[in-house]
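Protein sequence lines correspond, in order, to chains A and B.
Using my numbering, read the first sequence as starting at 93 and increasing by one per residue.
Using my numbering, read the second sequence as starting at 93 and increasing by one per residue.
Just so you know, not all the hints are guaranteed correct.
If chains are identical, the list can't say which one is meant, so a pair holds when it fits in one copy or spans any two.
With a straight-line Cα cutoff of 25 Å, these simulated SDA-like cross-link-like pairs (lysine to any residue) come out [to be verified]:
{"hint": "1", "residue 1": "Lys609", "residue 2": "Pro543"}
{"hint": "2", "residue 1": "Lys236", "residue 2": "Asp187"}
{"hint": "3", "residue 1": "Lys392", "residue 2": "Gln286"}
{"hint": "4", "residue 1": "Lys549", "residue 2": "His498"}
{"hint": "5", "residue 1": "Lys252", "residue 2": "Asp238"}
{"hint": "6", "residue 1": "Lys392", "residue 2": "Glu421"}
{"hint": "7", "residue 1": "Lys371", "residue 2": "Lys389"}
{"hint": "8", "residue 1": "Lys392", "residue 2": "Asp423"}
No lab work stands behind these hints, which were simulated from the structure alone.
Protein chains: 2
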Amino acid sequence: MNLTNQQLWRRFQTCYSEFPSLGLALDLSRMNFSDDFFELMDGRLQRAFAAMADLERGGIANPDENRMVGHYWLRNPALAPSPEIRHEIERTVGDIKAFASAVHHGVVHGAGGYFKHLLLIGIGGSALGPQFVSSALGHPRTDKMDVYFFDNTDPDGMDKVLAEVDSGLGETLCLVISKSGGTKETRNGMFEAQAAYERAGLNFHSHAVAVTGVGSELDRYAIKNAWLRRFPMWDWVGGRTSELSAVGLLPAALQGVEIDNLLAGARACDDITRQNNVKTNPSAQLAAMWYHAGNGKGMKDMVILPYKDRLGLFSKYLQQLIMESIGKELDLNGNLVNQGLAVYGNKGSTDQHAYIQQLRDGLNNFFVTFIEVLKDREDHLLFVEPNVTSGDYLNGFLLGTRQALHEKDRESMTITVRDVSAFSIGVLIALYERAVGYYASLININAYHQPGVEAGKKAASSIMSLQLNVLKYLTNSRGQPKTVEQIAQYIDTEEDVEMIFKICEHLAANPDRLVVKAPHENPFCATYTKA
Amino acid sequence: MNLTNQQLWRRFQTCYSEFPSLGLALDLSRMNFSDDFFELMDGRLQRAFAAMADLERGGIANPDENRMVGHYWLRNPALAPSPEIRHEIERTVGDIKAFASAVHHGVVHGAGGYFKHLLLIGIGGSALGPQFVSSALGHPRTDKMDVYFFDNTDPDGMDKVLAEVDSGLGETLCLVISKSGGTKETRNGMFEAQAAYERAGLNFHSHAVAVTGVGSELDRYAIKNAWLRRFPMWDWVGGRTSELSAVGLLPAALQGVEIDNLLAGARACDDITRQNNVKTNPSAQLAAMWYHAGNGKGMKDMVILPYKDRLGLFSKYLQQLIMESIGKELDLNGNLVNQGLAVYGNKGSTDQHAYIQQLRDGLNNFFVTFIEVLKDREDHLLFVEPNVTSGDYLNGFLLGTRQALHEKDRESMTITVRDVSAFSIGVLIALYERAVGYYASLININAYHQPGVEAGKKAASSIMSLQLNVLKYLTNSRGQPKTVEQIAQYIDTEEDVEMIFKICEHLAANPDRLVVKAPHENPFCATYTKA
Chain A
93 MNLTNQQLWR RFQTCYSEFP SLGLALDLSR MNFSDDFFEL MDGRLQRAFA
143 AMADLERGGI ANPDENRMVG HYWLRNPALA PSPEIRHEIE RTVGDIKAFA
193 SAVHHGVVHG AGGYFKHLLL IGIGGSALGP QFVSSALGHP RTDKMDVYFF
243 DNTDPDGMDK VLAEVDSGLG ETLCLVISKS GGTKETRNGM FEAQAAYERA
293 GLNFHSHAVA VTGVGSELDR YAIKNAWLRR FPMWDWVGGR TSELSAVGLL
343 PAALQGVEID NLLAGARACD DITRQNNVKT NPSAQLAAMW YHAGNGKGMK
393 DMVILPYKDR LGLFSKYLQQ LIMESIGKEL DLNGNLVNQG LAVYGNKGST
443 DQHAYIQQLR DGLNNFFVTF IEVLKDREDH LLFVEPNVTS GDYLNGFLLG
493 TRQALHEKDR ESMTITVRDV SAFSIGVLIA LYERAVGYYA SLININAYHQ
543 PGVEAGKKAA SSIMSLQLNV LKYLTNSRGQ PKTVEQIAQY IDTEEDVEMI
593 FKICEHLAAN PDRLVVKAPH ENPFCATYTK A
Chain B
93 MNLTNQQLWR RFQTCYSEFP SLGLALDLSR MNFSDDFFEL MDGRLQRAFA
143 AMADLERGGI ANPDENRMVG HYWLRNPALA PSPEIRHEIE RTVGDIKAFA
193 SAVHHGVVHG AGGYFKHLLL IGIGGSALGP QFVSSALGHP RTDKMDVYFF
243 DNTDPDGMDK VLAEVDSGLG ETLCLVISKS GGTKETRNGM FEAQAAYERA
293 GLNFHSHAVA VTGVGSELDR YAIKNAWLRR FPMWDWVGGR TSELSAVGLL
343 PAALQGVEID NLLAGARACD DITRQNNVKT NPSAQLAAMW YHAGNGKGMK
393 DMVILPYKDR LGLFSKYLQQ LIMESIGKEL DLNGNLVNQG LAVYGNKGST
443 DQHAYIQQLR DGLNNFFVTF IEVLKDREDH LLFVEPNVTS GDYLNGFLLG
493 TRQALHEKDR ESMTITVRDV SAFSIGVLIA LYERAVGYYA SLININAYHQ
543 PGVEAGKKAA SSIMSLQLNV LKYLTNSRGQ PKTVEQIAQY IDTEEDVEMI
593 FKICEHLAAN PDRLVVKAPH ENPFCATYTK A
């Protein structure tokens, strides 16, 4: 589209929508859709609106798992399909606020006194939202607790986090979050934390809180060991849409975030994005643009560029929300579709010094979503040149890059929010949650399951069994060097010899596992001996 | 490729190479290249080897900017094309070690005593390497200084960092890094830091050190204000390959990293990857695989998945190194090629809970590079199940996901390193630097310039001028409400009315700029008044 600036100004006026109740604006003027695009999309969009209305009424929107999808009720419990669900949502929010207040006032405390630190143990949907919100809304001067994360099963990574908390474990509240209650990474993190408390002479259980499904493995562990507290997760909330359940609200409240404002922002956004009119519905507009950009097949990557340090984790959060929801093999009719929408990005203007070179000059396989934050800072005004601030530069780089990309026919959208606050973060979360829901309808897939993640877990589990067999055989042959083919032969799994090689290499690199490697010029003739 | 496990084991043995002097292995067995692929690539690879040899001898490898490309000399100064360059490299490394030692011993100190904190102000190539190395090699228990970053021109982001340093500015060394010495984000960061020192009653200049080109704007500022010290950057080192120049070595040495080991790792890797034989050259193998995966056109995204928290920033570092080098409009003959290689990823197994769903089931538009670290942790052995550690799970998830992707015909490579150490980080940096150089040759582009980043900067600069004009006009019309079209008309830039709208919205959202907005139902009829 080669338009003059005046033509662009006219297009901008047509394609720019303000949503004053949300403090939000959305500009689609640099997406090259045709004048009749929305008309052509109308049938699909109407079906998407209908599907969403059904979902919100409590229909089975996740047919594979036979589940309702109810994250919208979390911020407007009056919409829940039953009084029981409504009461449970309301009671849980009340419980969270009461518990956070008890912690802040020292009524609930650790062996070392007031809880000053929060160690959140979770992964995926149980970490990405809390990490995003913590970094978006936290501030060293005002946080009631500082927050650390175990979000992996890397022992060295956990050691490093523990070293940061240092001698403060007695003032550290441990929050273990797992919807299923059986996630291995999270369970391992819990055991690592428990061991650290024990090394410090402290009782882990009296510093621990669980967020999990009632009756789960984690729930039973917490009951058995008399943990401080348990908060519920419900099967009608998916992990990647759980930020406004106890999963996200509890750590946010503990850090000092006004969770009522988070909920209010999401509720206000739901009110707007529930409307069956794409012209006044920013979530539907986003979904339609994703469809346009990637031709309904995800053929362009989504680059997320918030010009604000506080939003630096938003793209990681969206990677899960979007890619896990949209990346599906089959559509709802069982046809092979291999859908997806790859998401990446960090923040501007920082990323201009990383990969904007490629975006402007290179492969045109993406569209950008700029996120503009109008308010620069809380405190003092500082000019870096006469009448020019650092924030003017930040905004100028966003606008300049938007223009530079447009000149080279690279597409972009711009989302504008007034500030980064609990309310606007609630808006952004709800905006994208519903855009994902609409887009899934547009391409006719189930956005609410994740059948593809099981295979890797199952494979890992059989590798753990194989490793135990390898260790058992090496232990039984203590002192005798064995090649991987010998090991495979003796434990009767000759088809797994490559995996045995990988397992032995890993064991031998960790001296305390007592598997000693004798290298060989041919790596596959090296031997391994249990000492 | 549907192979049995035994066929895979044979393929693995053919496609797996160990490089004992580097503590490195590379496995290409899950890339679906044909048996004759390397034969077919031989001509291109030989040309790439020849181009690299020429570059290393000091040829003009960046013809657009008429520059030598000498980052390989940084770790082996004996290879530098002149004694002057050799001596300058050696002297600078010596100066860095001496300066870091003087800081650690309090010989050089701040107004508050020993320097305990380091505030690095830089962006792009002047921040991504230092951030990656700091997070890969730092540890709260052993770091000699803790490190903070200003890597943007976001005033709120800087305020947040300053709040973390809190009252410790008198013990904080400021390191301002800009190769050109004219990067606006970095200059703004410097002014913001300077103002913070002044608010704290401290002299910024006696806490400041510059890394920049001799004679640059920053260099002159540092001289004029008698900064603590200046270290040189050279025009034959590009920003994205500057980690082993003063840009990266100085902050690493100050944090307490053994920079000799970083250099030794990179030098050892260069020695191996300089060999003109793809079979024994892991950088050439990587480049060839990138060519295979994306058909020489970047048609598949590169997903980087290190299974190690310490390597969580590696993909961000590689985004710049690869995308800024490879994302080019023209080839060396001036043909329009729009090359690129999109890079994203964070870490495993965390990302398995984010987007592995899409990688396994969805769009097959990527290839994965797994990075396996054999050593789990420094300290204590802890079992989370009988004979099973957290690290076993970490490794098991890597192997399981590699297998699950392979089952669905998704391609992957695996890089294995023994541990995360200064030496292995030096290896990884050098490995990828040279892979980028080879790949650029394979596709016949200049990897060492970035012509596409200027347009956004120029546009931003003209937006800054426009804003000054808007402010001037509003000030001259003080008290009189103006629409954006009126402003445009009066300052005679009617073609810029959209930009004026964006500028006014930003000014009005920041109360201390004294531009008051009167909203209107039609956003383009709102008025703005200078109070």
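Inset, instruction - Report the numbers of all earlier hints that the structure fails to satisfy, in ascending order. - result: The structure conflicts with hints 1, 3, although it agrees with all the remaining ones.
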